[in-house]
Structure formats: structure tokens, C-alpha cells
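Participant: Below are the chains, spelled out letter by letter.
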Amino acid sequence: MVHFEIKGLSFSYPNSEKKALDNINLTIKKGEYITICGRSGSGKTTLLKHLKKPITPSGKRTGEILFDGAPLEEMDLKTQASAIGYVMQNPDNQIVTDKVWHELAFGLESLGCDTNTIRLKVAEMASYFGIQDWFHKNVNELSGGQKQLLNLASIMAMQPQVLICDEPTSQLDPIAASDFLQTIKKINLELGTTIIMTEHRLEEVFHASDRVVVMEEGKIIACGEPKTVGEELKKQNNKMVAALPTPMQIYYGVGSSLQCPITVREGRSWLDDMLSDKKLKRDRLPEQDSQDINEQAPAIFAKELWYRYGKNDKDVLKGASVLVPKGSLYAIVGGNGTGKSTFLKSICGICRPYSGKVKIDGKNITKYKSEELFRNCLALLPQDPQSLFVKKTVREELLEMAAGQNQESDVMAMAEKCELTPLLDRHPYDISGGEQQRTALAKVLLAKPKILLMDEPTKGMDNFFKQEFARILKELKDITILMVSHDIEFCAKYADYVSMFFDGGIITTNTARRFFSGNSFYTTSANRMSRHMFANAVTEEDVIELCRENL
Amino acid sequence: MQGKSLKRTVVYTAMIVLAVLVLIIFWKFGNRNHYVFGTLLVICGMLPVICGFEKKRSQAREIVLISVMSALAIVSRMAFAIVPHFKPMAGIIMITGMAFGPTAGFISGMISLLISNFAFAQGPWTPWQMFAFGIAGFVAGLLYDKGIINEKKRIVTAIIGGIIVVLFVGPIMDTSTFFLADGMMGDVTPWAIYLSGLPVNAVHAAATVVTLFLLCPPMLERINRIKVKYEI
Amino acid sequence: MSKETAFAQINPMVCFIYIIGAMALCMFTIHPVAGFAVLFMTLLCYVNVCGRVVLKKLPLLLVVYMILSLSNPVFNTRGETILFTYFGGRPFTLEALCYGMVLSAMFISVMLLFGIYNRMMTSEKLIYIFGGLAPNMGLILSMVLRFVPHYGNQIKKISMARHIKEEGKYSKVTNLLSAMTTWSLEAGIVTADSMKCRGYGCGKRGRFSIYSFKRKDIVVLFLTILLFLTVMVCRVKGGLDAVFIPHIKIIGRDNIYFVIAMCAMVLYLAIPIVINVTEAVKWYILRLKA
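Chains as they are written, first to last, in the working numbering: chain A, 1 to 551; chain B, 1 to 232; chain C, 1 to 290.
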């Protein structure tokens, strides 16, 4: 049975020549799990919004969309509201009311159900999603993952036939994200609901999807089962290969005639099959013999920091210490709620530890005057780029932070470096998420810091943008960077040193390679896939290199 | 649908008639309790706006925008309590009235006071405050529609905002004080109360002038951008 | 307060009507006996509903009461019995003092009832009441309550992000609120989209709430209305008349309407106590049996 049928759909936004969607043809069967991927700006979200009438953007449109054989436009509002569910990206903004129970009932209230029906369905949903424990809570008390689960549950309460998710996990931490994606899979398997999802954590959705659609510049460039899509992309030599799950990237990087692996498990057996009859010539990569971290000149030195938010609260930092060598990119990883962000805040003086000391560039932080500290010395890039924006255009945003006589030229140079030049006259809220992140970075860098602190910088970025972001960071010479992150893959690729933060303090520190090859759970997929063969392969490139040498 | 809206109209009319009846009864037999009488009058004053707003089928965006502006007013009251002479609530409510029309201004005034009083305390003054700030939003909206105040006349707008506080917000709240005091003491002259309220009102008005002077142009500009962008 | 009292669990609409009714009763009572009876009952009620901690506020209440009572004769100089004169002949009369004492009792009772109101009528309950009468207003209330803490967090985030920028107090506030305006409106548009996606505005709305009308609620509502009307009727019949100025004249025990009104009033104000105490006794007995 066909659910959605999209025929020759083209669309362009008002005041824009460029086609946001270009002749899209796609048929979606009932009960299918479809993942749409593509780099940001490829038209994924625009396509999804066309499947939900109330939020379809206005503009020039040709072609048609059929739902259950009838044109979607003719469907009445009420039927479409219940039949097509839509989960958006930001967990916070979708929530309407202040109580969890009210939020669950909101859709059903809109449909005009009577009290008893609503009561039953709300009870059903709360039980199915395990919400009963926080049923009476205020939504503000929930974590990001819980909020997104609540959004999902309140849509599922209307019993939709199709569930559309627009990058639902981009704002969540990895654990909450994989919980969420598992719930989606469960809905698909147990209720037979059709799933149409855009996602950049392909690692977790690729194997679960029935079909994958790849978009570029508003066109569908590949569509089919996960494995065939990989083939197709490889054949086109498309850049999207870099976004595929690690095992597939390694597979295409090595070039093998065996079956293509998708999950880490398949990847392990693929490595086994490929290298089983060969004696390994080399099983480890050379370690750069780095100096002992404690002997280098520190840019940031924090010793035994203790901090709590209120007098009667528990300690958040329990004797946390760190030494960040000058010029290095230092990453702190660790789970949610371990105090990583607080640690970062106390290093830049936003939180004041009640015990311990922080030295910035060899000088105690309490000895700095505020302007001295933040002018040409220390800067913090916040998690949410939007919290930095106060002006009307990108140019004004940047000018606000630049100082001195060369203001204009500084701004232009920075814009050039962060590829913002064509965007200078746009409003910071009118540009895409990735562009906002670049603007925020440029703004912070214009304060010319010697030390840059970053809180969760790669949140919500797709793989391409991460590469670009890393490139910008690499080009910043003489800047010490300390970042806290959940993004293991990013840290493994680009960080010089990695520390594990747990229970209010740093547990262990090492170079990225030693750190990740020493861990067995908290490590990259490339490492998990290859650790039985190679001693210290951490990134895809490492595994590919070692495979090639051994073949 | 027709039936429901008809039913609602009937209910509202009945409510208003009932309120007036209760008013008369209280006036006749209520020991001339001015406070109760006045409060009922104030509530009757708010009813038509609420009824009108309920009867109209409101768009999702309209409801959200009113909520957003009310929340901004409340948050700014709480967050900037430390900044001296900066009482932004009345100012932001007036900006709401200017940007989204008199009714929206009135409703956001009422809601802001009702909810911010949860943080402080509800008391006999709640309905009066709701009404006073509602009127402030309403009047600002009317003046804006007439073109008397707008974001270009920065100083005029700020001063008129101050005048609205002195003419409407202050006196309405003083009236409640008067009625309460009158009920308590008996024989209190209204002028004494209004005069004693003047310094407080003047400070409030000055704070509103400052708020509007600082915030009115940038906030309206940002609201207008949203209006253009999303075709509201 | 961790646990809700039994009275807090009755239907919010009933609770609201009850408290407003109680306030009305207080405000119309200037009869001294009735006034002090009401004060005593509201005090009991307040302690019962809000817990024993409020007993600590008792001295403060007493001071307020004294000040209010003593200040009335200062403003009000009429009355026959002059106790003393001051400021060169301004009289301080017994009648005015008595009147002040009764009025202050009434004032304190109303304040106590507002204390009970603040404890009982949480925002959630107010939304329930509004949702029934004015659904749009109810929805707005609920949304504002959701937005306020959310915006508070965002303000914290923005001011933290702007840590690196030195600026004056007022320009900081202006920048912050301007940024908040854009951010909150953009977020609001998404919220509106999410409402539309979930069918808002596609027809008549249903209603769901965690409160329901139980038999107990109906009984309480019935009693509330009955007792209130009884008092009012007696009052109209002159059962609660009292005149202080120029001389004191009070209706007494010999008037049947006075007796009925007093009983009804005390019963009315005892309703929360009766509900809470019955519940406590029930629990005690249940635990004994177990």
C-alpha cells in the first residue's frame, strides 16, 4: 500500500531564484522507515514541511503530493492533524503548555475529543512511553531527552499513521538521542507507523531504516536500501560518503569485494573475514612521542576546584584539576550532569569555586580585572550560538565585538576566514544553524582571545560542517582551546589531549590516541570495530591505513 | 460549532447580567461596602474584553504572541529587579499594545499581573492591578493606531507612556487603596489617598519613561521584523 | 508543603467559590460578635490548611491588629464617649475605637483568607477554572507559565554569553531584552507551528483536566451555597445589624436571625476543618485496624 506519493515536486522560496526542491519523485509505502539525509541546506526540511499542510512554506510550487491516493491539499485540517504527526528539531519550542499531562492531552483537545476518550488515550500513551512517573511535573523540570520524548508521546496520542521527524535528536546528548531513536524504531515495529526522518546521526539510524534517501541541492541523488545507497554514493564519488556510518566509510576507504558492513558488529566480522588468512604486518600506528603534559607551559592551570551552586546543594566540582598546555586543543569528555560545563564556567570566572585556584597564563584569575581578562585573553563560546546574538545583521554582530582602529578590516578578515562574507547583511536568525555557529565563533574570535573555551561546540552540526569547523580551529594558530564535548568522534579526530570527566573531577588524561584506544566502551566506533585487530586505531583514517598496509 | 458559539454568547451575556445584578444587590444591601462594589465594577470592566477575545476564533500565532509578550513582561520584572529605577513591566505591556493592538495589550496586561502575583502574592489588589495594567496596554494600543505614538517619536512615546501611568495605572490602583482604607477607617478623603499615592506613581511613571525610551524602538523594530518575516 | 490536604483535593471550582464566598461573608460583617467569631474561625482554618508554622506569624498579626484598631479613632473623631483628647482638643472616642477593632478583625480575616487562597489556588487550579469559562485565556495562562522559567534560563544564558563584553547597566538591559524579543518571538512562531501541527484551530476544542467532579465536591458546593444564602437572608432581615457611631447599638442573642446567622457563619468557615479532620480520623482508624 502506498502512503505518500510525491510526483514531480519543485519548490522555490519567495524572492529566491534557486529551487529549494527540484523535481522530487518519491513513493513511500505504509509502515516503511525512511531516512532522508543530506548536508544542511539540501532541502530535507523543506521536503518534510511539504508533507504537513499547516506548516508548508509559501512560495512557487509545481507537482503534487498524494496521501492515500488523494491530493494532500484537499485533506481537511482535522484528518491531517491526527493522521500525520510531525516532531520538530528543538525540544523546547514545540512544547505548548506548562504541565506534562496537559501537553499530552493538547492534540486530543484540539481534535475535540471528549474527556473520557482523552483520559484513556493519555493514560495509554503515558504508560507506553514510561511517562507516568513525571506525569504531574512541570515541563521545565524535564531534561532535553525527556522533553523530546514528551513531544513524541503527545503526537503519538493522536494515533498518527505517519510520523515525520525533522532531526529530532540534534539537540540531545548521545544517550538521550539513542534512547529516542530506539523508541522511534519500537513505534515502527510495534505499531506499524510509517516513519519519515531526517537525521545526521546516521550511525544509529542507517541500519534501522528500510530505505535511505540522499538529497543534494534540492534533488534526490540516491534512494534505496542502506547498502545500495552506499554503493550509489561511492559510484558518484559523492562527498556524502563522509557522512555514512563508520564501518561503511572504512569499507569504501579500503575497497573490498566482501559484503558491505553497516553496524560495528558487521564491521568486526568483515575485518575478520578480510584479514583472517593474513598475518598482520603491523597492528599499531606510531605514537607521536609527546612531551609529558605536566612539563609544558600551561595556558590554563586549575587546581583542586570545589564548587556548589547553593550553600545546601551537593558539590558539583569535587577537587577538579586541569593543566592545558599552550597552543593545544584540549577536550574534556564525559556524561551528562557530571559537572563538565560548570568546570568550564569556573575556569572563566562565571562560577566562583569556593576552594582551589585558577591560573590563566600563569596569573591567578582573581588578580585579573574583568576587562583585562576578556579583552585579548579569554573567551567562551556558548553552547547555543543564538545566545550571542543581539544585533540586526551579522556585520553589526561582528562589529560589536571588534575594537580598535582596524575594526572594519578585522571584521572583514574574520568573515573571510569563517566564510561569512556573503552573509554579512543578513539577520543572524535568518541564516542556517551551521552559519549561526560560524557567526558565533567569528564573534568570539574577534575579541582576539589567547584562550578559547568551548561548551559543546559540535552540537547539532552535521559531519561536513564539523570538518569545516575543525579546519577553522586548526587555522587559529597560537590559540589554546579547551572544549567540553559529548562528541567522541570529533575529539578523537582533532583533539591533542582528552580528559575524562566524572563525578566532579577529571579521572584520566592522555593524548587522544592513547585515551581512546585505552577505553573499551567510551570510545569511537572505528576503535570498537577494530580493537580486536589493531592496538590503537581510533579514527576511520587509522583503520583504513592499517587495513591497506596489511592487505 | 454554531451552537457552541451561541451557547457561549448566552453564557457570557448571562454572566454580565448576573454581575450587574449582584452589583445592584450589593450596593443596596451590602452596607455600602465600596471595596466589594468597586472590585465587581472592575471585573465587569474586564469581562467584555475577555468575552470578545473568547468569541473570536483566535489563530495559534495570535495566542502565542500574546503569551510571549506577557512572559517577557513578567520575566523582565523579575530579572531586572536589581537595576535601579527600571520597572519594565508597564512599558513592555504598552509595547505589546502598540505592536499587536489594544485588545492584545489589554489581555497581556491582565495576564502579566495575574501571573506575576503568583510569585509575590495574590490579594485584594489583584483584580485592580490586572485592570490597571490592562488599560495601560489598551490605551497605548489605541494611541499607536491613531498614530500619536510610534517608534519614530522616541521621546514623545516615552513621555506619553509616563502620562498613561500617571493618568490610568496609578489612579486605578490608588482607588483600590482608597476603597480598602475607606472600608477600614471610614471617612477617608479620596484626595488624601490620591495625593499620597502621587510620589509612588511619579516614580513608576519615570521608570516607565526610561523603559520606553530604552526599549520601545529596538523592541518594536524586532517585533516588526518578525511580523514581516512571518506575514502576521 | 509536600502533601496536599484533603481540602486541597476538592474540585478547584468549588474551592474557588468557597473562598470567594468566605471573603464576601467577612467583608459584610461589622457585627462585633460575628466579626470576632469569623476572625477566630478563619485563623483556625488558616492554621489547619497551611500548617502549624503559621502560628509563628501570630505576634505580627497581633501588632498589625493593634495598630489598625488604634488608628481608626485618629481618623474618625465622631462618637459620644470621649476617652481623652490630644493635639489641643482632638477627641479620641470609645465608639470609634470599638468600630476600629471590629473593622480590623474583618481586615485580618480577609487577609487570612487570601493567605488560604494563595495556598489553595495554585496556578494549575486557576488554569482549570479559566479553562472552563474562558478557554483561550486558560491556554494563554498555561503558556505564559511555561514560558516564564524558560525565558529566565535564556536570560541567564545570554548574559553569560555576553560576559566577554563590557557594557553599561542600561545598555546591557536594552541589549538583553532586544535579544530576548527576537529569540522569544522566533521560538514562539515554532510553538505556534507545533500547535497547528497538533490540530489547533481545526474545530471545536475538547477539554481534559486532572480534576473531576466527585460526590464530595457536590456536597461541599451545596453546603457552601446553602450556608452563604442563609447568612445573607438573615443579614437582610437585620440579624447582623450593628451601629457604632454616634453610639453603640448591637443586635443580640434575643434576635432569632442573629442566632441563625452566627451558626451558619461558623459552620461555613468550619467546612475545610471538618474535611481535613474527618480525613485524618479516617486514616487513624484505618491504621488502627491494620
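Hints are computed from structural coordinates only; laboratory data are not their basis.
Beta carbons are placed, not taken as given, at the ideal position from N, Cα and C, and that holds for glycine.
Hints should not be assumed to be uniformly reliable.
As the list claims (entries may be wrong) - Cβ-Cβ distance ranges computed for the label pairs, FRET-style:
hint, chain 1, residue 1, chain 2, residue 2, range
1, B, L41, C, F75, 21 to 31 Å
2, A, Y128, C, K172, 45 to 55 Å
3, B, R154, A, F502, 27 to 37 Å
4, A, R471, C, K172, 50 to 60 Å
5, A, D68, B, L142, 30 to 40 Å
6, B, W191, C, I67, 17 to 27 Å
7, C, K214, A, F502, 47 to 57 Å
8, C, K172, A, K326, 41 to 51 Å
What the hints assert, rightly or not - When the alpha-carbon atoms are kept at most 30 Å apart in a straight line, the in silico DSBU-like pairs for lysine-lysine are as follows:
hint, chain 1, residue 1, chain 2, residue 2
9, C, K156, A, K359
10, A, K391, C, K172
11, A, K234, A, K459
12, A, K477, A, K417
13, B, K56, C, K216
14, C, K156, A, K448
15, A, K52, A, K185
16, C, K216, C, K125
17, A, K474, C, K216
18, B, K229, A, K392
19, A, K450, C, K125
Participant: Now, for every hint given, state plainly whether the structure supports it.
Facilitator: Here's how the hints hold up against the structure:
1. L41/B <-> F75/C: 21 to 31 Å: With a Cβ separation near 25 Å, L41/B and F75/C satisfy 21 to 31 Å, so the hint holds.
2. Y128/A <-> K172/C: 45 to 55 Å: 47 Å, holds
3. R154/B <-> F502/A: 27 to 37 Å: 54 Å, violated
4. R471/A <-> K172/C: 50 to 60 Å: 35 Å, violated
5. D68/A <-> L142/B: 30 to 40 Å: Distance hint for D68/A, L142/B is violated at roughly 50 Å.
6. W191/B <-> I67/C: 17 to 27 Å: 23 Å, holds
7. K214/C <-> F502/A: 47 to 57 Å: 50 Å, holds
8. K172/C <-> K326/A: 41 to 51 Å: Violated - the Cβ-Cβ distance for K172/C and K326/A, about 33 Å, lies outside 41 to 51 Å.
9. K156/C <-> K359/A: 25 Å, holds
10. K391/A <-> K172/C: 13 Å, holds
11. K234/A <-> K459/A: 27 Å, holds
12. K477/A <-> K417/A: Holds - the C-alpha atoms of K417/A and K477/A are around 13 Å apart, at most 30 Å.
13. K56/B <-> K216/C: Given that 30 Å is the threshold and the Cα spacing comes to 36 Å, the pair is violated.
14. K156/C <-> K448/A: 24 Å, holds
15. K52/A <-> K185/A: 21 Å, holds
16. K216/C <-> K125/C: 18 Å, holds
17. K474/A <-> K216/C: Violated, at about 71 Å.
18. K229/B <-> K392/A: Holds, because 13 Å separates the two Cα atoms, which is no more than 30 Å.
19. K450/A <-> K125/C: 54 Å, violated
Violated hints for the displayed structure, listed by number in ascending order: 3, 4, 5, 8, 13, 17 and 19.
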